[in-house]
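**Student:** So the chains spell out like this:
Number of protein chains: 2
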Amino acid sequence: MSFPSELYASRMRQLRPSTIREILKVAAQPEIVSFAGGLPAPELFPVDAVRAAADEVLTRHGREALQYGPSEGFPALREWIAGEMQSRGIQASAADVLVTNGSQQVLDLVAKLLINPGDVVLTENPTYLAAIQAFQALEARFVPVPTDEQGLIPEALPELIKKNRPKFLYTIPNFQNPTGVTLSRERRIALARIAAAHELLILEDDPYGKLRYRGAEIPPVKHWDESGCVLYASTFSKTIAPGLRLGWVAAPREIFSRLLILKQAADLHTSSFDQRVACAFLTANDQSAHLGRIRGAYGERFEVMDAALQKEMPAGYRWTRPEGGMFLWLTGPGELDGLELLERAIKHQVAFVPGRDFFPAEGGNNYLRLNFSNSNPARIREGVRRLGALCRAD
Amino acid sequence: MSFPSELYASRMRQLRPSTIREILKVAAQPEIVSFAGGLPAPELFPVDAVRAAADEVLTRHGREALQYGPSEGFPALREWIAGEMQSRGIQASAADVLVTNGSQQVLDLVAKLLINPGDVVLTENPTYLAAIQAFQALEARFVPVPTDEQGLIPEALPELIKKNRPKFLYTIPNFQNPTGVTLSRERRIALARIAAAHELLILEDDPYGKLRYRGAEIPPVKHWDESGCVLYASTFSKTIAPGLRLGWVAAPREIFSRLLILKQAADLHTSSFDQRVACAFLTANDQSAHLGRIRGAYGERFEVMDAALQKEMPAGYRWTRPEGGMFLWLTGPGELDGLELLERAIKHQVAFVPGRDFFPAEGGNNYLRLNFSNSNPARIREGVRRLGALCRAD
Chain V
2 MSFPSELYAS RMRQLRPSTI REILKVAAQP EIVSFAGGLP APELFPVDAV RAAADEVLTR
62 HGREALQYGP SEGFPALREW IAGEMQSRGI QASAADVLVT NGSQQVLDLV AKLLINPGDV
122 VLTENPTYLA AIQAFQALEA RFVPVPTDEQ GLIPEALPEL IKKNRPKFLY TIPNFQNPTG
182 VTLSRERRIA LARIAAAHEL LILEDDPYGK LRYRGAEIPP VKHWDESGCV LYASTFSKTI
242 APGLRLGWVA APREIFSRLL ILKQAADLHT SSFDQRVACA FLTANDQSAH LGRIRGAYGE
302 RFEVMDAALQ KEMPAGYRWT RPEGGMFLWL TGPGELDGLE LLERAIKHQV AFVPGRDFFP
362 AEGGNNYLRL NFSNSNPARI REGVRRLGAL CRAD
Chain H
2 MSFPSELYAS RMRQLRPSTI REILKVAAQP EIVSFAGGLP APELFPVDAV RAAADEVLTR
62 HGREALQYGP SEGFPALREW IAGEMQSRGI QASAADVLVT NGSQQVLDLV AKLLINPGDV
122 VLTENPTYLA AIQAFQALEA RFVPVPTDEQ GLIPEALPEL IKKNRPKFLY TIPNFQNPTG
182 VTLSRERRIA LARIAAAHEL LILEDDPYGK LRYRGAEIPP VKHWDESGCV LYASTFSKTI
242 APGLRLGWVA APREIFSRLL ILKQAADLHT SSFDQRVACA FLTANDQSAH LGRIRGAYGE
302 RFEVMDAALQ KEMPAGYRWT RPEGGMFLWL TGPGELDGLE LLERAIKHQV AFVPGRDFFP
362 AEGGNNYLRL NFSNSNPARI REGVRRLGAL CRAD
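These protein sequence lines map, in sequence, to chains V and H.
Residues 2 to 395 (our numbering) make up the first sequence, in order.
Residues 2 to 395 (our numbering) make up the second sequence, in order.
Simulated from the structure, these hints should not be mistaken for laboratory data.
Just so you know, not all the hints are guaranteed correct.
Any copy, or any two copies together, can satisfy a pair, since identical chains are not distinguished.
Said to hold, decoys possible - Below 20 Å or equal to it, Euclidean Cα-Cα: the simulated EDC-like pairs (lysine to aspartate or glutamate) are:
hint, residue 1, residue 2
1, K348, E32
2, K26, E65
3, K26, E344
With the rest of the complex left out, here is chain V (with noise of 0.2 Å):
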């Protein structure tokens, strides 16, 4: 049987398979340096604590580690998030919190709740590829808010939500992805008073927080959220690891008790196994000296970066500088063609991701995604050289 034509709805013609994506297949041989992925550097995955976390876990608690558990998630691991999320100055108790594979899958959730066909996402210019696809799943019509180099302008909102009566607004203020731009404290604090005064829902993602390399932290926009109106998401896919899938939100009640439904029509709860461990790996180790570690590897390697972008790339190139996180925005001359560039670039054995799929409108070709997390100094530098050498023969 030919598949029946009647069901290749908007939805199905939609879903088409990426090209980058297929590209970026090749990347994944070990000959070629990739700046594409955004994978947390793996040597500092903490194995043999995880390894004694799962060991205690089913010693001590196997039948309910392997069993169904609750779709809000495993309750100790509620408790540690709240914890956490508190102290990056979130009122928020266990009850707010829902676990998910990954915050991935808040972003699913969210749009599975809010999102009809044609519905308005207002979101950053460009913002993280696979949120795009999360809300085009459900046929979102994106928005993009201006930004500048100190993240979006918020007091471009009101004209924004008036035209368009967006269902909410996608922002990741820290190290944003993919540009490593970071939202200001004064930004932060309008966002949250404008979204307050048009009841604008905000989403605020913010998987990259614990990832500060230098600087000074700033509190997330839910912090200044008095009325109720951000969704605060995270995950440990970065301060442990992500193979784990886990993520988080915390929500306001009504939205909360409605976000748990469709988790548990989703996948009925996350790995019990997973929470646990991840719980008894967190309440087991020095959280942070572990982050310090993250935090001193990536700080150098973005520097390693830095400097070899500054004494390979020629005339043209400019590139953002974040204070924390796993990636760097580059923008080429008007010309430049990112896909194209990346053809080449891989049989030069060296691979990023082109800007364009960052962009949910049209522009974009000019940029480049590197990430410095998942490479160390030597492959990096090596890396650059060989983007370099390309980019000078332009």
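Guided by the hints, dock chain H onto chain V, whose structure is given.
**Tutor:** Positioned in the frame of chain V, the structure of chain H alone reads:
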């Protein structure tokens, strides 16, 4: 801020917290004999073998097990699953397998791909509660297919298809949840034939297929699918442990590629750690011996419950006698109100799920679903004694 009223779309209104769910939270107390949950027997979980598998995975492949992985799933696990499906009579290769967070996520992804608000899904009547929830989250409309003690009646389909133009048919052919009924071989053949002739997509959900404790195995509907109109879903929740949240779907190529994009948008991928632990467990341990123990225990528990019901229940009650799985389905007198009975039953320290919520349309007040996998024989006898006393007092 009160949550913006314009956001209370039909989806928000539909997502009401369930009364039964709240009542059943009480049933978790140890003094209550609960036939309510769909829980496997935790004393049969292979805890030691899973601990050995976790230890091996973290010792030998720690970094890979904790890193991001492919959205399709861990390759070696997909291979194992393909072999497993072949042993069930399905022609499938690893490339057809998408690993998911339990088979529940298959329901979510398929619904997201195919259902627009108001689209029709054909289901057995009654059908799996969480399937109703997953499809309802996308605002599906349900049309029940007439069923009898051999499952759904394929001959009823052409008329239903013509009238409703359904997006797909959802069926649980083995030891159905909630009824325990098994679709006969003849009907499976007829179903595959009618589906092909009418280009009807079938979602075959087979979580219990390996839990047959008597009678001869019948191949899945997918075995007779020559035209690629059957999606086959199953899970490790009943054969290893549900806490790992591992399931899968085998889908025709054009659907697979779209489900893969939706899986990536939903949560990037299923836990790398859990997938590798399951794979190490599956390859290091004798599955037929392990499954034999589960089948033996569940078969015994069914017999104990059946005998206890015969002894305790008054006239006017009858129930199904499944050849496998975890549930039987009890029909009371027409005037029975299952929800009201549950409220009284909890006071007498026994619990079940009232049948009402398993019916996507109207009716069903006089049914109860009883789980027999999660209580030992002594508890089953005691629970049925309490239930029988209540029913006899009516």
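**Student:** Classify it for me, K26 with E344: is the Cα-Cα distance of at most 20 Å met within a copy, between copies, both or neither?
**Tutor:** within (12 Å within a copy, 56 Å between copies)
**Student:** Given a CA cutoff of 20 Å, do K348 and E32 count as a within-copy pair, a between-copy pair, both, or neither?
**Tutor:** Cα proximity of K348 and E32: one copy only (11 Å, versus 67 Å across).
**Student:** Regarding K26 and E65, is the shortest C-alpha distance of 20 Å or less found within a copy, between copies, in both, or in neither?
**Tutor:** between (38 Å within a copy, 16 Å between copies)
In terms of the numbered hints stated before, the structure departs from none.
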